[in-house]
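Residue numbers (the numbering used here), protein chains in the order written: chain A, 1 to 733; chain B, 1001 to 1060.
In short, the hints are calculated from the structure, not lab data. Hints are supplied without guarantee of correctness; some may be wrong.
What the hints assert, rightly or not - Computed cross-link-like contacts, DSSO-like style, restricted to lysine-lysine with a CA-CA straight-line distance of at most 27 Å:
no., chain 1, residue 1, chain 2, residue 2
1, A, K332, A, K180
2, B, K1031, A, K332
3, B, K1031, A, K194
4, A, K495, A, K332
5, A, K180, A, K194
Said to hold, decoys possible - Chain B stretches covered by chain A per the calculated footprint, using a threshold of three residues with CB under 8 Å from any CB of chain A:
no., stretch
6, 1005 to 1016
7, 1020 to 1030
Yeah, the Cβ is synthetic: ideal placement off N, Cα and C, and Gly gets one too.
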Amino acid sequence: MTTATRTAPLKVALVGNPNSGKTTLFNALTGSTQHVGNWPGVTVDAKEGRARCGGREARVVDLPGVYSLAPYTSEEVVTRDFLILEEPDVIINIVDATNIERNLYLSTQLLDMGIPQVIALNMMDLVRKHGDEVDVRGLSEALGVPVVEISALRGQGIAQLLEQAFAAADEGIPPFFNRKFSYRVEDALARIAKIVYPVVPPEHLRWYTIKFFERDERIRARAAQGHTQHEREDFSRHQELLGDIEPIIAGCEAQLDDTAPSIITGESYDFIERVVARTVRRSVEERSASERIDAVVTHRLLGLPLFVLLIFTIYYLSVTVVGGVVTNFMDKTFIGHWIQAPLSAVLVRGGAALWLRSLIVDGIIGGVGAVVSFIPQMVVLFMLLALLEDCGYMSRIAFLLDRALRRFGLSGRSFIPLLISTGCGVPGIMSARTIEQESERRMTIITATFMPCSAKLPLIALIAGVVFGGLWWVAPSAYFLGIASVVFSGLILKKLGRFKSKVSPFVLELPSYHVPTARNVTRSVWERISAFVKKAFTIILLLSILLWFLSRFGFVGGRFGMVTSLDHSLVAGIGNLFAWVFAPLGFGNWRASIATLLGLTAKEQIVSVIGILTSKSAGAPPLTMLFGGQRIAAYAFMAFNLLCIPCVVAVSTMISEMKSRSWALFTLTWQLGWAYAVALMIYQLGMWASGAVFGPGTAAALLVLAALLFALLRPKPARGDGPGCHKEGSEES
Amino acid sequence: MSHATSSLLLNVGLILVVLLVAGLALGALIKQRRRKKPLSCIGCPQSGSCSQRTCTQGKK
């Protein structure tokens, strides 16, 4: 199609290996702000954007990162289906130039498809930095497509890439890819092509033929569906001919003494080796800086203690150091003295009704302000975590945890959703889609929200700062309480019949360490903070109004009206109905009960509720009195709210990802039960250890502890020993 | 204008502002819930204009 006749925007598919910089390129092409992470599985949801070049527009679709077009993982299925069914005008195949051999494997498959494409050779700045060279023109000639050098991270070569992509789409000419397999394979492919020719789109004949040779069942089924009624009839007529394919494949396998998919893979890599030998010149091999750093941070003994130390430092700096100073200023000075006090004075002078003043000053500003005042420490926390992510350190943690957890039958594969859950549980739960094994995926979904997400941070900061006076270990302990809950509840779940399975292999590419870019770090922080602010001014604001109404009105002497004491309010009545449930956990009062219940709508709401219900203007007791002045009760309150059922949005995601009501119900019950058990043990055993009398609550906590220990230590039925963790990249491949 | 009238106008104005803020918050909340798209929306030609939460194009 020519430029003149084309009116609709071009459809551009962005395809590449995980971690090749695809999402960074997508952001650079479209000006979008999608989350960029240096671990696989970042792109699991629909991502589309618009790119412009020379006054023309293109619809860019960021497809999940894949290593091949074999239908082994859900990402591969999505990517392949898109390319076959949606027929993009052009493919931009992003290739990580620092890992060119592995990336070209996907490229050969894409080139076989016969769709116009351009190769974006990314990270060329790193290649040059290492002293290596790539003959771009030679590579382009060998592959039969344009190759453009780019650095997605630094925005270099993007305009030229778009120009080439538009030109390739306009010409509509498939790549001149002249890769030949060995004589026997080519002979088999030629005979298969003759059989399948009538039932597959001619422009994709080569690719379909190879897939038929590999006995790809999905492709066979796809051909059976056909694009048109005519094609379906054709396929039906040719069904009997398809029976002739099997002897061709079997004959070739016998001659080459290998399976068909292995033959194709092996010969593809032979081809890639030849191309790379001609076009890539590497400097003398020496131990890279990444390898030297990895020798320490992924060390068997030093790795995990170093990780613990880093997390402690990050939480201490953000929650205790920054939180102690800035949040206090935000809450008391900025919101209290600079906003609430003058506004209240203006409203009094203007003659505003008492209830309206209370609604605006205590309800809306007090409720939203209580949450917003935690933004400074969240910025610091997420900036430090983003620095760790962007420099490549967090990928090493997944590798380290895989090595440690594998001994207990758990996989480091689950760590990536958990890591994402430290920002928000919703994408964390969704990223569990990348886990193939159903039982492992379910277990990850059940445990992902144990990690303290951004919404839980205000609660951690409140308890650590106000109740514990900034004690150094309180805030970091919340993070480790999350990890411990994931590990221990995971271990217990593994011993249940439904979760018994082999530990699936975990292949993780460790990116080279690099200096984090300000753009990526800022984007990561902004993404999390803006979501937090949006929630503060939507659901938190609405619930603050509702809570204000319920806490300021009630029945006194049989008449409904504004109450002078919150203890007579509607919310006190509702809270008292549930308070007994939390009594064994140390916070059996209506205020803490309401905070916990409303926390199920959004976890930030807990702090907002506490702000409204401990407002001085309402004559409420200070925060510490919510827990009877006992720090252990406050810690149990924090632990329960961190671990129990997450917010409604995360619950609805969980239900849809579980694809089963009974599993969703099991998940919610498990999370509630786990949180209750942990909080019960913390409060009851903590009180007993600090000299309180042994009572029924202590006995119950000891029983729960014994039951959990039994569940953990009982013999494991039929343990699966999956293949070990394979690390690719800097240490081994 | 008497103090009682100005006070009445202030109260009415404040109520309207509170209702407007609450309405905007509710609207934004509903819009956010509708904007989420499932994986099957990748590449769907209707994805720009579609507000359905489950696919009507037969995609899983």
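We went through each hint and held it up to the structure:
no. : hint             : verdict
1   : A:K332 - A:K180  : violated, 73 Å
2   : B:K1031 - A:K332 : violated, 33 Å
3   : B:K1031 - A:K194 : violated, 53 Å
4   : A:K495 - A:K332  : violated, 50 Å
5   : A:K180 - A:K194  : holds, 18 Å
6   : 1005 to 1016     : holds (count 6)
7   : 1020 to 1030     : holds (count 6)
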